[in-house]
Amino acid sequence: MSKPTKKILNDPRKAVSEMIDGLVLANDGAVVKLPDHDAIVKKEIPDGKVALLIGGGSGHEPMFHGFVGKNLGDGAACGQIFAAPSPDTIYEAAKAVDRGNGILFLYGNYAGDNMNFDIAAEMLEDDGIDVRTVRVRDDVAAAPPDRMDDRRGIAGDVLMIKIAGGAAAELDSLDEVERVTRKAGDNVRTMGVAVSAGSIPETGKLTFELADDEIEIGMGAHGEAGIARQKLQPADEITDQLIEKILSDLPFGKGDEVALLINNLGATTMMEMLVVNRRLRQVFDEHGITVHRTLVGTWLTVQEMAGFSVTLMKLDDELKHYLDMPASSVGFSNM
Amino acid sequence: MSKPTKKILNDPRKAVSEMIDGLVLANDGAVVKLPDHDAIVKKEIPDGKVALLIGGGSGHEPMFHGFVGKNLGDGAACGQIFAAPSPDTIYEAAKAVDRGNGILFLYGNYAGDNMNFDIAAEMLEDDGIDVRTVRVRDDVAAAPPDRMDDRRGIAGDVLMIKIAGGAAAELDSLDEVERVTRKAGDNVRTMGVAVSAGSIPETGKLTFELADDEIEIGMGAHGEAGIARQKLQPADEITDQLIEKILSDLPFGKGDEVALLINNLGATTMMEMLVVNRRLRQVFDEHGITVHRTLVGTWLTVQEMAGFSVTLMKLDDELKHYLDMPASSVGFSNM
Amino acid sequence: MVKKIDRDATVAMLRSVANDVIANVDRLTDADLATGDGDHGIGMRRGFEAALESLGSKPPETIEDAFKQVGMAIMSKTGGAAGAVFGTVFRSGAKAFAGEDAITAESFAAFLEEAQAAVARRGGVEEGQKTMLDAVAPAARAAKACGGNDVSAVIAAASEAADKGVDATKEMLATTGKARSLGERSIGHPDPGAISISIILGAMKNAAEAS
Amino acid sequence: MVKKIDRDATVAMLRSVANDVIANVDRLTDADLATGDGDHGIGMRRGFEAALESLGSKPPETIEDAFKQVGMAIMSKTGGAAGAVFGTVFRSGAKAFAGEDAITAESFAAFLEEAQAAVARRGGVEEGQKTMLDAVAPAARAAKACGGNDVSAVIAAASEAADKGVDATKEMLATTGKARSLGERSIGHPDPGAISISIILGAMKNAAEAS
Ligand SMILES: Nc1ncnc2c1ncn2[C@@H]1O[C@H](COP(=O)(O)OP(=O)(O)O)[C@@H](O)[C@H]1O
Ligand SMILES: Nc1ncnc2c1ncn2[C@@H]1O[C@H](COP(=O)(O)OP(=O)(O)O)[C@@H](O)[C@H]1O
Ligand SMILES: [Mg+2]
Ligand SMILES: [Mg+2]
Ligand SMILES: [Mg+2]
Ligand SMILES: [Mg+2]
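Residue numbers (this note's numbering), protein chains in the order written: chain L, 869 to 1203; chain W, 869 to 1203; chain X, 300 to 510; chain S, 300 to 510.
Just so you know, the hints here were simulated from the structure itself, not pulled from any lab data. Watch out, some of these pointers could steer you wrong.
To be verified - Calculated Cβ distances over 10 Å to all of chain X for the following chain L residues:
#1 Leu1039
#2 Gln1098
#3 Leu1115
#4 Leu1118
#5 Pro1194
What the hints assert, rightly or not - Result set (DMTMM-like, lysine to aspartate or glutamate): computed pairs, CA atoms no more than 20 Å apart in a straight line:
#6 Lys303/X <-> Asp400/X
#7 Lys1113/L <-> Asp1018/L
#8 Lys938/W <-> Asp1192/L
#9 Lys1073/L <-> Asp1080/W
#10 Lys303/S <-> Asp364/S
#11 Lys1073/W <-> Asp325/S
#12 Lys874/L <-> Asp1108/W
#13 Lys882/W <-> Asp1104/L
#14 Lys1113/W <-> Glu1154/W
#15 Lys1122/L <-> Asp896/W
#16 Lys1113/W <-> Asp1018/W
#17 Lys1073/W <-> Asp329/S
#18 Lys874/W <-> Asp1104/L
#19 Lys1073/W <-> Asp1080/L
#20 Lys469/S <-> Asp329/S
#21 Lys874/L <-> Glu1077/W
#22 Lys874/W <-> Glu1082/L
#23 Lys1073/L <-> Asp1081/W
#24 Lys1051/L <-> Glu1038/L
#25 Lys874/W <-> Asp1108/L
#26 Lys463/S <-> Glu425/S
#27 Lys1099/L <-> Asp879/W
#28 Lys302/S <-> Asp400/S
#29 Lys874/L <-> Asp1081/W
#30 Lys938/L <-> Asp1192/W
#31 Lys901/L <-> Asp1153/W
#32 Lys1122/L <-> Asp1153/L
#33 Lys874/L <-> Glu1082/W
#34 Lys303/S <-> Glu508/S
#35 Lys882/L <-> Glu348/X
#36 Lys1051/W <-> Asp1017/W
Beta carbons are placed, not taken as given, at the ideal position from N, Cα and C, and that holds for glycine.
With the rest of the complex left out, here is chain L (with noise of 0.2 Å):
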């Protein structure tokens, strides 16, 4: 197994921590920190605000935490490395963000995300609280759309987390906040490709191994296989595959206006993903498809992996009045 990359931090059994730590320092004084969960919240919360608590394995940085902020999360519950939240870190975060109108849970479809917020949806009922939940399942790689159950969360909660954000900072009603995002969601669909393996500090192994001319089609967030390895190609052709997967599915096509995002994975030059940009609109003006709005840029990582993944949602003028509303935080600039 070939050597991960080298990484400065300090004891790795101690890097979510410290990472959390200084997360909620780089908010200037926005979010505090639960003092015994790994959990962050926005400091200013309105009364009778229906809440938006996202949340899921940490690694991903920014995803999640670093979008919590002003019209995003109200707050995050952080797992460890790739590892789901706990229940009780999860019920606690929420207990911090409820303002009594309601918590909308938003996290990526994996079974260990859904059952601890299962147990912690179920403990915050028995306390009266309504919560609804909505898992992102954008990743058209994981599974036939027949089977979207089975589809994985992975850059899709960028756009999710902007509208449900958007959402529950202006609507009254839970209803209505989650009515929105599942809209977005049945809307947003991604594929990515992997160049090379990230690795977990603690073990300090590789994920998954590549040949140094292999590329995978289709990896998942954390590693998980995907559904082609093949050998590394032009751009334009490893772009063709994966939009020809993403349109097709949902089905976008003309007369269809979207939201873009090309989304680094970790290591990709931001050159690569510009050039694949280029090739995208190539083929949106085959389809006559048009973008409403285009974000290239480093939100949800896999550690040191290198690749990329394209996520295309079909926009409405409902979802483009949230997706445009102006938001800050850590893994927005904050500019």
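Could you slot chains W, X and S with the ligands onto chain L? The hints should help.
Below, chains W, X and S with the ligands alone, put in the same frame as chain L:
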């Protein structure tokens, strides 16, 4: 010489031009590319505005061309990878952003950039256009304080562009924009550390070699040598080494309010940078320095180089004002 | 033949379970690297280190408490799928010992049955999906089938069945958890969670025989 | 002995200069990897490919034009420090041939003097700073010292001096450009730009001898 990271590109010799096409598209209509030059210009620049032209070699994405946008650069002249743009590209970009009230050139202090921008400035002066130049020279590792002109411009660029962009949007005179930008430059200091090298796609060669357990302190943004090659150490020790040199250089001290920027050189995880942020704050607390604003992200990269830099800018009310102005561009997440 | 495992012996047994899991972190890491995301070993270590800590700092008053404490520690410190399902094994399984001052052949079999049902419910899984349930379920059946009142024999039967269950997972196609994505490529690799169950029951067997 | 290099021979000479630089891209890359950022080879290739293209698409009317076109192409396509200084060598140096219909021993020496002065001005450098000036300046002096009216002898003298200049840069401490950061570590490595000058003058020498 070890293998460079695999990259997803088409013809490497066309990488910069395809990247620029992709970048223009990623701006969703807010910028245009000049027909015969690798230069990007904002579509809407008000008459009489003091123009801000930034630029430099490509390969550092999103720097520079990702920072053309609202309250940021009005245009950017792009070179090939790690190579300053040519005088004619700079000249044409300057003509395109000129609105009759003078132009500020803002770029990193490198022999290549200096010569090419100077030639363009001479051509513009022949045309009767008032051009001022501020060179970013923030790298404390490059030369001692009595040889500021020998210092390179690295991630301090980000804060400089942010402030110059704000000033150029609000202030009516080139003199004033120049004054504010120079003040920002006088108060900014950066130092970085590299843990692995980047490569230029067209050569396919890593720009330097580091052993598996080695890091280079003070590494430049093109792989130029730093001040010490040493064994990999815990994050806190590396952080201390960087920040002590930065603090003593300006010097920063008790009562100072600063902007802090932790910049990913490419392949470093945000987790690592947040762990570093945690340690930086401990040091600041010891020194009585307060942080007005923190930025942790990927702004000035060196292809797939792993490593990061720490930038500190001492702020007064005027600098704070321009730093805090809203801004958006591809490089600032556009959210 | 061992008829009962009293409270102190139970605590000792749970400690040795924890120590064995912790000692096998690399094996579990490698198994999860082959089919999942490579964190199962360190997750189980976090959980069982917390279990040891809990048993040390707050000596349990009953057998039920001992299992509950272990379950709570795992549930709150392991995270991921394993945190939920292994936490459930101990927390829900603990009910089988309610009011008892020793583990008997009967209550141990009931513990495994309880655990099996609770895991199936929580995980939304059936046997054959290549999860730890494929070690828990045969273990529960073997314990029941063993009968008698030699608790160490019951645990030994369960442990042996769990080992076979691990082997059987090699041939299964994963349809849940992170291994699901592997599809056909998951065949040939045992399920990491099933291995953990076999380590846990193996440690219990050794502890029971020694008591 | 060659007294004059006429316009067509000049264009042929400049073409062979371009081809030689392009053929040496890897050598220049490796030299710049040792002291700078590794782009000198590809930068010079871009510039001289553009020069070939310019000479081909717009055949120069005069010798001055030929040098100017090459200088403009380099200046606009090379980028970086090399674009500015090598562009300057040809563009500013071209003045030495103003109004002349052939390169002579005298005008070639004047070309190098002109180039030396313009590069020193543009780059803000002196000799001894480990740049291409440390090949240009001794070449200019050698050309002047050679005197006479055998242009090929003058070019040969310049070429030989440039080669020695490259060697001399090995011992110099870089104080400008990207190599500056290396400090003491720059010693032992020749300057990439100086190597390019020696390739350029070497190609001119061969072309002059052949004409
Ligand atoms: N839905 C499920 N029901 C029961 N057990 C499951 C389920 N999903 C996964 N598991 C078990 O969890 C194990 C993986 O645990 P672990 O690696 O710690 O968590 P994660 O999959 O979240 O990384 C699998 O080997 C499997 O035995
Ligand atoms: N200030 C300067 N004056 C003259 N020549 C210079 C100067 N700085 C650099 N050079 C020359 O340029 C060469 C480097 O060219 P190149 O690698 O193409 O550009 P860059 O340094 O911008 O990457 C150096 O080897 C040196 O000969
Ligand atoms: Mg996991
Ligand atoms: Mg360069
Ligand atoms: Mg796992
Ligand atoms: Mg160079």
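Hint by hint, here is what the structure shows:
no.: 1; hint: Leu1039; result: holds (31 Å)
no.: 2; hint: Gln1098; result: holds (15 Å)
no.: 3; hint: Leu1115; result: holds (22 Å)
no.: 4; hint: Leu1118; result: holds (21 Å)
no.: 5; hint: Pro1194; result: holds (34 Å)
no.: 6; hint: Lys303/X <-> Asp400/X; result: holds (9 Å)
no.: 7; hint: Lys1113/L <-> Asp1018/L; result: holds (17 Å)
no.: 8; hint: Lys938/W <-> Asp1192/L; result: holds (15 Å)
no.: 9; hint: Lys1073/L <-> Asp1080/W; result: holds (15 Å)
no.: 10; hint: Lys303/S <-> Asp364/S; result: holds (17 Å)
no.: 11; hint: Lys1073/W <-> Asp325/S; result: holds (11 Å)
no.: 12; hint: Lys874/L <-> Asp1108/W; result: holds (19 Å)
no.: 13; hint: Lys882/W <-> Asp1104/L; result: holds (13 Å)
no.: 14; hint: Lys1113/W <-> Glu1154/W; result: holds (15 Å)
no.: 15; hint: Lys1122/L <-> Asp896/W; result: holds (19 Å)
no.: 16; hint: Lys1113/W <-> Asp1018/W; result: holds (17 Å)
no.: 17; hint: Lys1073/W <-> Asp329/S; result: holds (9 Å)
no.: 18; hint: Lys874/W <-> Asp1104/L; result: holds (15 Å)
no.: 19; hint: Lys1073/W <-> Asp1080/L; result: holds (15 Å)
no.: 20; hint: Lys469/S <-> Asp329/S; result: holds (15 Å)
no.: 21; hint: Lys874/L <-> Glu1077/W; result: holds (14 Å)
no.: 22; hint: Lys874/W <-> Glu1082/L; result: holds (9 Å)
no.: 23; hint: Lys1073/L <-> Asp1081/W; result: holds (16 Å)
no.: 24; hint: Lys1051/L <-> Glu1038/L; result: holds (16 Å)
no.: 25; hint: Lys874/W <-> Asp1108/L; result: holds (19 Å)
no.: 26; hint: Lys463/S <-> Glu425/S; result: holds (17 Å)
no.: 27; hint: Lys1099/L <-> Asp879/W; result: holds (16 Å)
no.: 28; hint: Lys302/S <-> Asp400/S; result: holds (12 Å)
no.: 29; hint: Lys874/L <-> Asp1081/W; result: holds (8 Å)
no.: 30; hint: Lys938/L <-> Asp1192/W; result: holds (15 Å)
no.: 31; hint: Lys901/L <-> Asp1153/W; result: holds (19 Å)
no.: 32; hint: Lys1122/L <-> Asp1153/L; result: holds (9 Å)
no.: 33; hint: Lys874/L <-> Glu1082/W; result: holds (9 Å)
no.: 34; hint: Lys303/S <-> Glu508/S; result: holds (11 Å)
no.: 35; hint: Lys882/L <-> Glu348/X; result: holds (15 Å)
no.: 36; hint: Lys1051/W <-> Asp1017/W; result: holds (16 Å)
Comparing the model with each earlier hint shows no violations; every hint is respected.
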